[in-house]
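S.K.: Those protein sequence lines, which keep their order, are chains E and X.
Residue 101 in this note's numbering sits at position 101 of the first sequence, and the numbers go up by one each step.
Residue 520 in this note's numbering sits at position 193 of the second sequence, and the numbers go up by one each step.
One or more of the hints may lead you astray.
Computed footprint of chain X on chain E; a stretch qualifies when at least three of its residues, placed anywhere within it, have a C-beta under 8 angstroms from a C-beta of chain X [unchecked claim]: (1) 86 to 96; (2) 104 to 110; (3) 192 to 206.
DEER-style ranges, computed between Cβ atoms [unchecked claim]: (4) X:A346 <-> E:L259: 52 to 58 angstroms; (5) E:L259 <-> X:L338: 41 to 47 angstroms; (6) X:A346 <-> E:T11: 21 to 27 angstroms.
Residues from chain X that keep clear of chain E, each with C-beta distances beyond 10 angstroms, as calculated [as the list claims (entries may be wrong)]: (7) F347; (8) A443; (9) M489; (10) T516; (11) Y520; (12) S574.
These aren't lab readings, by the way, just hints derived from the structure by calculation.
Given the structure is predicted, the values throughout are model-derived calculations rather than measurements.
Positions of the beta carbon are idealized from the N, C-alpha and C atoms, including for glycine.
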Amino acid sequence: MGVEVRVEGLTKTFGSQTIWRDVSLTLPAGQISVMLGPSGTGKSVFLKTLIGLIKPDAGHIFIEGTDIATCSERELYEVRKLFGVLFQDGAMFGSMTLFDNVAFPLREHTRKTESQIRDIVMEKMEMVGLVGAEDKLPGEISGGMRKRAGLARALVLEPEIILFDEPDSGLDPVRTAFINQLIVDLNQQTEATFLIVTHDIGTARTVPDNIGLLYHRHLSMFGPREMLLSSQEPAVRQFLNAQTIGPIGMSEEKDADELAAEDHTTLPPLPPIPLQLLPSDGRPRPTQPEPGAWCAANGVVPPPGSFQADPSGFVPQSPESLTGGAV
Amino acid sequence: MSVGSALTAPLATVGRLFAFGADVLLAVFRRPFQFREFIQQAWFIASVTIVPIALVSIPFGAVVALQTGSLVQQFGAQSFVGSAAVLAVLREAAPIATALLVAGAGGSAIAADLGARKIREELDAMMVLGIDPIHRLVVPRVLACMLVAVFLNGLVSVVGVMGGYVFNVMMQGGTPGAYLASFTALAQTPDLYQGMAKALVFGLIAAIVSTYMGMNAGGGPQGVGQAVMESVVITFLLLFLANFILSALYFQLVPAKAI
Chain E
1 MGVEVRVEGL TKTFGSQTIW RDVSLTLPAG QISVMLGPSG TGKSVFLKTL
51 IGLIKPDAGH IFIEGTDIAT CSERELYEVR KLFGVLFQDG AMFGSMTLFD
101 NVAFPLREHT RKTESQIRDI VMEKMEMVGL VGAEDKLPGE ISGGMRKRAG
151 LARALVLEPE IILFDEPDSG LDPVRTAFIN QLIVDLNQQT EATFLIVTHD
201 IGTARTVPDN IGLLYHRHLS MFGPREMLLS SQEPAVRQFL NAQTIGPIGM
251 SEEKDADELA AEDHTTLPPL PPIPLQLLPS DGRPRPTQPE PGAWCAANGV
301 VPPPGSFQAD PSGFVPQSPE SLTGGAV
Chain X
328 MSVGSALTAP LATVGRLFAF GADVLLAVFR RPFQFREFIQ QAWFIASVTI
378 VPIALVSIPF GAVVALQTGS LVQQFGAQSF VGSAAVLAVL REAAPIATAL
428 LVAGAGGSAI AADLGARKIR EELDAMMVLG IDPIHRLVVP RVLACMLVAV
478 FLNGLVSVVG VMGGYVFNVM MQGGTPGAYL ASFTALAQTP DLYQGMAKAL
528 VFGLIAAIVS TYMGMNAGGG PQGVGQAVME SVVITFLLLF LANFILSALY
578 FQLVPAKAI
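Next up, chain X with everything else stripped away, as it sits in the complex:
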């Protein structure tokens, strides 16, 4: 491989990924909508992510409470621990934990499924039978991923805050009233909306990348494994980048609440 192609190959992949995303966007509006596939996929993604995500979010809330608790205690502002936990969980932890699970469990399953169909020539057969796999298979998966991500985001928010509460009140000797009362001190409703918006975007990215990787798997069973691995790694990279951009945007667009 020449130096030139070594530099342009990743760019070409990025370009194809965007072109694929545009194809998916167009196909979303094509009738008939594959409602059955959408429900099946949403159920499938939810079923593989709900338990792990609940288990992840409990220690996440606890860690936030631990970190902020000891720090804030030194300033004598322990009554703000609840608020800090809510902020951290709603704004960052919930969407990111959701995205990691949607990408790691749901996305990898999607990439493996589509990759296996690709190497078995099922996708080719589908195209030859006059069915567009993007419309038939990809669109329902993308929408299902986005829907499930938003719901999981809500789950992580609740479980994470509860985990923080349990840890703060039972282990650190905080008072329940102070924890709950401080919720609204720093946090505001737009925090919840931006968490949901982030989850929606992360679900979109995870689904687009994993379907793209699956549909472009090649070279036998090994190629499918490769596609799954790449889809998870690329999704993670994109998610953290997107998270940074969305957070920065949010701080510019929504003024922080004055104490």
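Chain E extracted, bound-state conformation:
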């Protein structure tokens, strides 16, 4: 079962530049959360702060009673054993084969025998569909394969919290769909707490239980998926629907003149809220909320056509099994 991550008043600056200020949120145990944000809003910095690679200037991150922001180096290495992290390019060790890469955490932290290690590694390799590529070096395989190998390595110590740094960057839509399916399946199997950092709204609309939006140096909103997808808040609405109309400009936020010019334009209606991506076996994940539950509980009328099997033609298909496909 996953572990809750509680972030309070987190602030980070580099020199005189504020990355984000006063970020407070709770990643619910066992659920999938997505952190969205325009490019350059410090999403990756946020992720690295969560695992203690970057020290925040203020605030706290509580994981099972330990405050990552202030704890000692020794405690940090202890808490990190709860984490599995998928870095942007997989971050495989270039001098080792994929097998050795995935086996690395086991060899370092456990007293398992080589044959036990082989069993575990092959199980994880099969999970991410990389059987047959164990003896390849990271430089010899494609970016998508490196990402999946990185995922296998992140999973090998059975982490309680799994962080994904842009799992879909540099991947084509088909591979992105496969990775998303894999994420949902993994959450069903492991019930770990997931945080995905991305700016792909296709992922954000269908995969997570919770969504957060980092924008303009603060956390604009964090909450259940349905809350953000039905939100009228300008930045949230603009980003989740990929529109040009709204406070987010090409380089930074728009200035007052630009916003005034948009005053009379009418926004298109909110698109329907799609159903969440289901695990490959078609059964909902244990931590997955009922479709429409949040809207009903909070008296929000979802946009027409929401929660229907094929609302806007955009629901990624669930493949039968991932291991057969060559991503």
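Starting from the known structure of chain E, arrange chain X on it as the hints suggest.
M.R.: Frame of chain E, contents of chain X only:
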């Protein structure tokens, strides 16, 4: 950037470099020692430095013989050419040539390697997997650099003195017997020890600076190139400073041999 930060930024870097050095020192004593990585790195550094350093030390010995030979000849003290060559090579040339090669070839390779790992997030991944890269990667490299520097120092000493011999005897018409006999006239065994001690310190400095620069590379492939360049330049600056200090100390601590 304000004037204040322009002045304090280099100082902050110096402070971080020393803090890094202290971290490395602590990690040296942590078990288990990464013996395999140590051997691999020592072999790697030796393999990229041996040939160039041998080629550098031959003309170095020859130049010393040329300079002192013509000078000493005018005083009629040609029998001391061998001694001068030994002194110059053992005390200064060998450790400095070693350091330049260890920093220029070994150090730059280390900085590039660690820098590439840094920007590929391998180092972050390592820390997240609960492995301290200082213990795992930096300590074996630092120790390997120091070991190789001491051995290379010996190589330069031998090859340099031989180069001086060949030049003096064959080109300047010196006599082999005088060259060899004068070895011990001015030079003494502590000269050899101080050369080795210098090489050890230079290897340490070169390795610490290049690993620090590599691990703090940023901003993509260009940042790695920058880190390599900076590590070589900073190492050279520190090496010549350290060399001066060590030489001055040596003259204070060890009395010169009377003729």
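S.K.: Would you check whether the claim that X:M489 is not at the interface survives, using Cβ distances to chain E and the 10 angstroms cut-off?
M.R.: At about 38 angstroms from chain E, X:M489 clears the 10 angstroms cut-off, so the statement holds.
S.K.: Can you tell me whether the CB distance of E:L259 to X:L338 sits inside 41 to 47 angstroms?
M.R.: The hinted range 41 to 47 angstroms holds for E:L259 and X:L338, with Cβ atoms some 44 angstroms apart.
S.K.: Closest CB-CB distance from X:S574 to chain E, is it above 10 angstroms?
M.R.: holds, 39 angstroms
S.K.: Should the hint that X:A346 and E:T11 are 21 to 27 angstroms apart at their CB atoms be regarded as holding?
M.R.: Once the Cβ atoms are compared, 24 angstroms apart, the range 21 to 27 angstroms for E:T11 and X:A346 holds.
S.K.: Does the no-contact call for X:A443 survive, Cβ to all of chain E over 10 angstroms?
M.R.: violated, 8 angstroms
S.K.: Beyond 10 angstroms from every chain E Cβ: check whether that's true for X:T516.
M.R.: holds, 42 angstroms
S.K.: Are all C-beta atoms of chain E more than 10 angstroms from that of X:F347?
M.R.: holds, 14 angstroms
S.K.: Check whether three or more residues of the segment 86 to 96 of chain E sit with their beta carbon closer than 8 angstroms to a beta carbon of chain X.
M.R.: holds (count 7)
S.K.: Count residues of the segment 192 to 206 of chain E with a Cβ under 8 angstroms from any Cβ of chain X, then say if the count reaches three.
M.R.: violated (count 0)
S.K.: The output says X:Y520 does not contact chain E. Does that hold with a beta carbon cutoff of 10 angstroms?
M.R.: Holds, because the least Cβ-Cβ distance between X:Y520 and chain E comes to about 37 angstroms, which exceeds 10 angstroms.
S.K.: Do the Cβ positions of X:A346 and E:L259 conform to the proposed distance bound of 52 to 58 angstroms?
M.R.: violated, 47 angstroms
S.K.: If you count the residues of the segment 104 to 110 of chain E with a beta-carbon closer than 8 angstroms to a beta-carbon of chain X, do you get 3 or more?
M.R.: It holds: at least three residues are needed, and the segment 104 to 110 of chain E offers 4 whose Cβ sits within less than 8 angstroms of chain X.
Hints 3, 4, 8 from the earlier list are contradicted by this structure; the remaining hints agree with it.
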